[in-house]
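S.K.: All chains should be built: construct the whole structure from the sequences, respecting the hints.
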Amino acid sequence: MKKILPFLAIFLLFANCTAQESKVEISAEKFNKKLADSLGADQRGMKNYMLVILKTGPKDAAITDKKEREKLFEGHFSNMTAMEKSGKLKLAGPFATKNTLNYRGIFLLDVPTETEAAALLQNDPTIKNGIFTVEILPWYGSAAIPMHLKFHHQISKEKP
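Position one of the sequence shown corresponds to residue -14 (this note's numbering), numbered consecutively onward.
In case anyone wonders, no lab produced these hints; they're calculated from the structure. Mixed in with the good hints there might be a few duds.
Below, a list of computed lysine to any residue pairs in the SDA-like style, where the Cα atoms sit at most 20 Å apart [what the hints assert, rightly or not]:
| # | residue 1 | residue 2 |
| --- | --- | --- |
| 1 | K44 | K19 |
| 2 | K44 | A129 |
| 3 | K51 | A67 |
| 4 | K142 | K40 |
| 5 | K40 | K70 |
| 6 | K19 | A129 |
Taking CB as the label site, the calculated pair distances span [stated by the list, open to error]:
| # | residue 1 | residue 2 | range |
| --- | --- | --- | --- |
| 7 | K70 | A129 | 18 to 24 Å |
| 8 | S127 | S71 | 31 to 37 Å |
| 9 | A104 | S127 | 21 to 27 Å |
| 10 | G72 | N17 | 17 to 23 Å |
| 11 | I140 | Q107 | 27 to 33 Å |
Bear in mind the structure is a predicted one, so any value in this text is a computation, not a measurement. For each residue, glycine too, the CB sits at the ideal point set by N, CA and C.
M.R.: Structure representation (structure tokens):
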């Protein structure tokens, strides 16, 4: 847990800096009840998510066959697409560099319990086959996070 707290602090700091640098025009309206309700926001504009940290698994180094790894990662991305289409995956991405914590990536899932998050991950072959292990933590963040998906699809020429 002590290792996770610095990661979350850096993540939140980065998210805040990114938001401040944005040049997207935002409405001057102070509060939009319809939008807040549609996003499931509480009085602070926040909501609960499940943060999934993907870590290097015990069999990652042992799976060296290129075709086998490609097949497993195709399944990984397919599962991510399915979670997004079902409205559960709100944010995902790898870490840009290797790190001493063996963190490889994150998912932010819009589900109320760790059990539901774990159930969504059961279909991921990279997790089933030990390339990744996961840590699942309750996380409280902006209810507006899912809005980035609409824009990301408009600016991404390639799909993972």
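S.K.: Run every hint past the structure and note whether it holds.
M.R.: Status of each hint after checking the structure:
no.	hint	result
1	K44 / K19	47 Å, violated
2	K44 / A129	37 Å, violated
3	K51 / A67	24 Å, violated
4	K142 / K40	28 Å, violated
5	K40 / K70	24 Å, violated
6	K19 / A129	13 Å, holds
7	K70 / A129: 18 to 24 Å	20 Å, holds
8	S127 / S71: 31 to 37 Å	21 Å, violated
9	A104 / S127: 21 to 27 Å	25 Å, holds
10	G72 / N17: 17 to 23 Å	20 Å, holds
11	I140 / Q107: 27 to 33 Å	31 Å, holds
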